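Residue numbers (the working numbering), protein chains in the order written: chain G, 1 to 244; chain E, 1 to 346.
No false leads were slipped in.
Listed below are the simulated PhoX-like cross-link pairs for lysine-lysine, each with C-alpha atoms no more than 20 Å apart in a straight line:
| hint | chain 1 | residue 1 | chain 2 | residue 2 |
| --- | --- | --- | --- | --- |
| 1 | E | K294 | G | K189 |
| 2 | E | K325 | E | K294 |
| 3 | E | K94 | G | K189 |
| 4 | E | K94 | E | K325 |
| 5 | E | K94 | G | K158 |
| 6 | G | K101 | E | K164 |
| 7 | E | K325 | G | K189 |
Bear in mind the hints are in silico, worked out from the structure with no lab data behind them.
All figures in this text were calculated on a predicted structure; none of them were measured in a lab.
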Amino acid sequence: MPLTHEGLRQEFAYVTREGERLHIGEAFERADPLMQEISYNLIVGGHHEVDRLVRDALGRGFSANTILDDGLIAGMAIVGVKFRDNIIFVPEVLIAARAMKAGMAHLEPILSASGIEPIGTVIMGTVKGDLHDIGKNLCIMMLRGAGFTVHDLGVDTKPQQFIDAVVEHNAQVVGMSALLTTTMPNMGKTIQAFEEAGLRDQVRIMVGGAPVNARFAEDMGADGYGANAIECVERAKELVAASR
Amino acid sequence: MPVAETMTPRQRVLAALAGRPVDRPPVANPTNVMTVELMDLVDAPFPDANRDPEMNARLAATGYTELGFDSITPYFTIIQESSALGCEMQWEQKDNWPTVRMARPIWSGPDDVHIPKGFLQHQDTRTIIESIRILKREYGREVAIIGKTMGPWTLAYHVFGVEKFLLMSIDDPDTTMRCLEKLKEISVVFGLAQIEAGADALTFPDHATGDLVSGEYYRKFLQEIHTEMVDRLPVPLILHICGNTLDRMGYISQTGMAAFHFDSRNDPQKAMDAVGGRIRLAGNLNNPVTLYSKGPETVREEVYRALEAGVQIIAPECAIPLRTKLENLLEIPAAVKDWAGERMAT
Chain G
1 MPLTHEGLRQ
11 EFAYVTREGE
21 RLHIGEAFER
31 ADPLMQEISY
41 NLIVGGHHEV
51 DRLVRDALGR
61 GFSANTILDD
71 GLIAGMAIVG
81 VKFRDNIIFV
91 PEVLIAARAM
101 KAGMAHLEPI
111 LSASGIEPIG
121 TVIMGTVKGD
131 LHDIGKNLCI
141 MMLRGAGFTV
151 HDLGVDTKPQ
161 QFIDAVVEHN
171 AQVVGMSALL
181 TTTMPNMGKT
191 IQAFEEAGLR
201 DQVRIMVGGA
211 PVNARFAEDM
221 GADGYGANAI
231 ECVERAKELV
241 AASR
Chain E
1 MPVAETMTPR
11 QRVLAALAGR
21 PVDRPPVANP
31 TNVMTVELMD
41 LVDAPFPDAN
51 RDPEMNARLA
61 ATGYTELGFD
71 SITPYFTIIQ
81 ESSALGCEMQ
91 WEQKDNWPTV
101 RMARPIWSGP
111 DDVHIPKGFL
121 QHQDTRTIIE
131 SIRILKREYG
141 REVAIIGKTM
151 GPWTLAYHVF
161 GVEKFLLMSI
171 DDPDTTMRCL
181 EKLKEISVVF
191 GLAQIEAGAD
201 ALTFPDHATG
211 DLVSGEYYRK
221 FLQEIHTEMV
231 DRLPVPLILH
241 ICGNTLDRMG
251 YISQTGMAAF
261 HFDSRNDPQK
271 AMDAVGGRIR
281 LAGNLNNPVT
291 LYSKGPETVR
301 EEVYRALEAG
311 VQIIAPECAI
321 PLRTKLENLL
331 EIPAAVKDWA
341 GERMAT
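In isolation and in its complexed conformation, chain E is listed as follows:
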């Protein structure tokens, strides 16, 4: 029997982020759950839906109206600020993600880092800010609106190039730190603009990814900056880092971030043990195998596994492939509701 829902989706998400009791665990999308099917449904295809506020809001809303998630996330990609900074873009088509041409970096060191005039008025930052206003007006009382601002490590990949930046990090750690200190101001400016527009929470992706750098790197270059972000961005922050991150979850849990959005390569029980209740976890349904190529039964098994481990917010691990089947996404809230009915009703 389904559990009686006594909270709105917004209340549920915000309570979970704050570590307060919930009527059932929320289903959220800290990154993106948009698909080609949803684009067709509301006539808001990529790449245009990333660049037009009304189209963006129309597509983002389907995360709630069609999929039944408890949150709406209008920033689908990781490239909006970088486009506004002047990075060369590859906008792609409906079924491919827009991306930054990182092989053609725009900056080479900390002295180059600056916030261009009109940064928040650029089409690609304005789209997100205006979309949040629209979504807040239409759904804001009921659903949690989650914005997103990229962390300095991710921005560094885009503006300096991944290889050049990683080489800099080992050749010249002091210069690397100066770059990050300046780049973080971009994260703050864009984040505050989204909060002012009505974002209830912000995802903070910062790709010090498990496959690329060590947990010690995270501690050395980012832990302090992330702690500072908690003070400067006055809404719950959801840190997102891909890959195997068990070696840095202890550090992450000390930043004061509300939640950590984690990858399926981390066992949920081990992740819960690693953070020791100091931060909430969101995730960690596998995208490429489970959501993209398996069926609802496998999705349900993974949802249950995360819930049994105690993961507080259920979500795909990262932005999903754009051809992911809707039936698999619909299964996520259905499985959470069934689990809650079985485990929380008594």
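So here's chain G without its partners, still in its complex pose:
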């Protein structure tokens, strides 16, 4: 099925990397025009429209998985690309996330009841001393959308809280976020706490946040770094695979 939605076609033009064009393009080409309409409205932050369209799609017999994959996640993929390439910034991502949330409110109960096994369990939190959570929350939304079970520890998370959550939920991956250069060192302290608790080999640790980069992540002893929510999902998938 071709990409018929004119607005979405214009949005798709922002995707310029060959691999991404192929991957996202395939999703749109298999998508029903209604799914394309959902994607487009998610990208432009039309939360009322997404709410209405998702209800409409369910009423017309589309499965929750189809709406999630071909409508919401396909749209979020373009949002992720535009954010990474500095075409849009956090306010535009926030309105897209609000639209995704509006759609997910209808899908989540159906998906939860379906009994599909999650692809992995992730513990997420902003490190001790840091109260910023926008980036972390976007990551959590995308991880859940991708099929992960995520336990959100919130902000100002002490190393022992990360450790307790990993033990309690038997999680394969920990994701830590920091927005401040002053709190970034607490990522290293948390990794050290996992070592001291004898749990470092049992869990994979990924980090992210505006001032964090791959070099810092490596210096701190993390297993992975994601520059944005899309990369966070990619890292989580890689780390879960590596933990098996």
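Fit chain E to the given chain G structure using the hints.
Frame of chain G; chain E shown alone:
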């Protein structure tokens, strides 16, 4: 051979901010360079050093007496006004920064914005004002005293919550503008009080950060307000915005601010090109990797890189991690002096 120093640190900083010739580039701290080691040295630990004028002044002075920077900056954090406005605070311990609990905003729109009675008498605004008086008395002839007043965008994060404010900015730009117009009065009141107490210059942090909003956002919401601040706060202003800000440096350079304090994510040469000599640059030594986890040799390399690009005031990019090693901070003025000896002596 070190260059012969013919200026006091204060003269050097003020000349650099004004774009006048200097004997060597100044080393300044528009944000904060206090560490746990310095707190221990003068028995002035966080959080108390943020809330007691004498302790605050004692700790702030170490930026000059122990580190050899050309300025003293007594406002270490970004939360003093917000505490006085009534925001819920998390004061933390010696090795963690105090912060505002932004998830529990105190206001929801422009009609809520006001300056509470006794705002300048509140413990956390008074601490900075009184500390500036002490520092001016003890060091004011010799060292530049840099105060700090938060811009309206930063205050908006604190009083409305970051997510709510950013959503407001896209859902209702007019209301957002009204919020900023009212919040800027808080910036002016606190800034003027610090000038009256003796501040030679003010840092003006306003976190329209590169990671959060676009350069176009800066132009639309803040450029005019920042230009107005230059007229209303009659000392040199040092605008501080974190993140990759190359896309807004052109706008920033037109505000009339004396300097822009910029982040290590911006290449210093590209930054110099972007501002085209219309504003001085201060920065941009990397905190989390270079100053926190590397050694003096890497610090020196970065200082030289900034100086070679023409950055006029050398400084860490932002407030440093509180466990930063002193040897790395001491290396900054040492490297600047060596560079000046090599490049400016002839």
